[in-house]
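Visitor: Chains as they are written, first to last, in the working numbering: chain V, 1 to 106; chain P, 1 to 96; chain S, 1 to 129.
There's no promise every hint is true.
With a straight-line Cα cutoff of 30 Å, these simulated DSS-like cross-link-like pairs (lysine-lysine) come out [stated by the list, open to error]: (1) S/K80 <-> V/K43; (2) P/K30 <-> P/K58; (3) V/K52 <-> P/K20; (4) V/K43 <-> P/K95; (5) S/K55 <-> S/K13; (6) P/K20 <-> P/K44; (7) P/K58 <-> P/K95; (8) P/K58 <-> P/K8; (9) S/K13 <-> S/K80; (10) V/K52 <-> P/K44; (11) V/K52 <-> S/K13; (12) P/K58 <-> V/K52; (13) V/K43 <-> S/K13; (14) P/K30 <-> V/K52; (15) V/K43 <-> P/K44.
Worth flagging that the hints you see were computed from the coordinates, not collected in a lab.
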Amino acid sequence: MSSLQGYVDRRVLLILQDGRVIVFPASKPNANPQGVMVGFDQKSNVVLSDSKERIYSIDAGVEEAPLGLYLVKGDMIVLIGELDDAVDQAVDLGTIHAEPIPPIRY
Amino acid sequence: MLIFSVFKTLTDQQVTVELKNDLSITGVLKSVDQFLNIRLDNIKVLDEARHPHMMAVKNCFIRGSVVRYVQLPSEHVDTQLLEDATRRESLAAVKR
Amino acid sequence: MLPLSLLNAAQNKPMLVELKNGETFNGHLVNCDNFMNITLREVYQTNTEGDRFWKLKECYIRGSTIKYLRVPDTLLDAVKEEQNRARDAGRGARGAFVSGNRGRGAPSRGGRGGRGGPMRGGRGRGRGV
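All chains, please: the whole structure from these sequences, using the hints.
Guide: See the structure below:
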């Protein structure tokens with residue numbers, strides 16, 4: 001699991017097996033430096049602070065729901081991606097209409 | 001373990017990973033571990049119009065258990081060598 | 001920071017637990033172990049659809065059925081502080097007093113939780129609320 005090390009203290013995007021997308025707020029001017037992945041372990045359980053869920057739908061723009069301090073079990077994780085802040089902030093989420101990511105089907 | 005080794009020889013090559021949620025992601029293979037968790041750099045999601053969720057993601061860690069397929073660059077896979085290695089490994093398994 | 005040190009520090013704190021089948025449990029953490037098996041007290045349980053509720057005095061949740069836990073934001077600073085203090089104490093009193101196995105600074109409470117008590121909810125998949 002050493003490959004998760006590079007994501008500690010970074011802004012990341014998380015995709016879960018049930019299709020949820022969890023991110024950290026595109027930084028406000030004095031962004032809380034904690035808005036990042038705080039830690040992980042062998043089983044790829046991760047701790048996220050200041051997290052938000054991004055809810056996608058076809059008929060409405062993306063909604064962000066604050067989640068706070070979160071501990072996600074490794075079994076639930078599909079993907080962890082590092083966000084490019086500049087790109088993320090340039091996007092107006094309200095204009096994005098997209099299907100939610102489908103859940104994992106074995 | 002054999003496939004793990006194969007992936008290790010493919011680091012820095014372009015691969016496409018299809019996930020069990022039907023997302024396909026192309027990127028440069030940066031590393032892989034014994035669970036076949038994969039790290040990709042410079043990623044691009046196929047059909048980005050339909051899946052804008054990862055627009056701002058530059059590199060990612062993919063959990064091995066959710067990978068359905070990995071498309072490998074055929075010119076960088078020595079299938080002959082792989083066949084031989086597979087035979088050798090299964091022979092070793094029988095002896096044990 | 002290790003996820004388990006956060007969980008250990010969450011004892012007696014309120015938390016929300018969602019299971020893989022979408023059921024949620026709101027309650028105070030009584031105990032936990034390294035498998036993330038947990039016991040909660042004064043629990044409000046909701047079903048996957050979020051339209052039915054139950055109140056439980058205490059419950060045991062098997063770690064493998066958990067999707068995620070949500071804990072109070074303030075816990076992060078508490079754990080960081082505790083880790084700093086433990087590190088400093090370790091530096092100052094090297095060998096002077098050895099306090100059990102406080103390995104990584106987190107208070108090593110949390111025994112083995114329960115003994116495989118009743119597991120609520122199956123393994124379905126769902127979105128909960």
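Visitor: For a quick check of understanding: which of the numbered hints are violated here, in increasing order?
Guide: 4, 7
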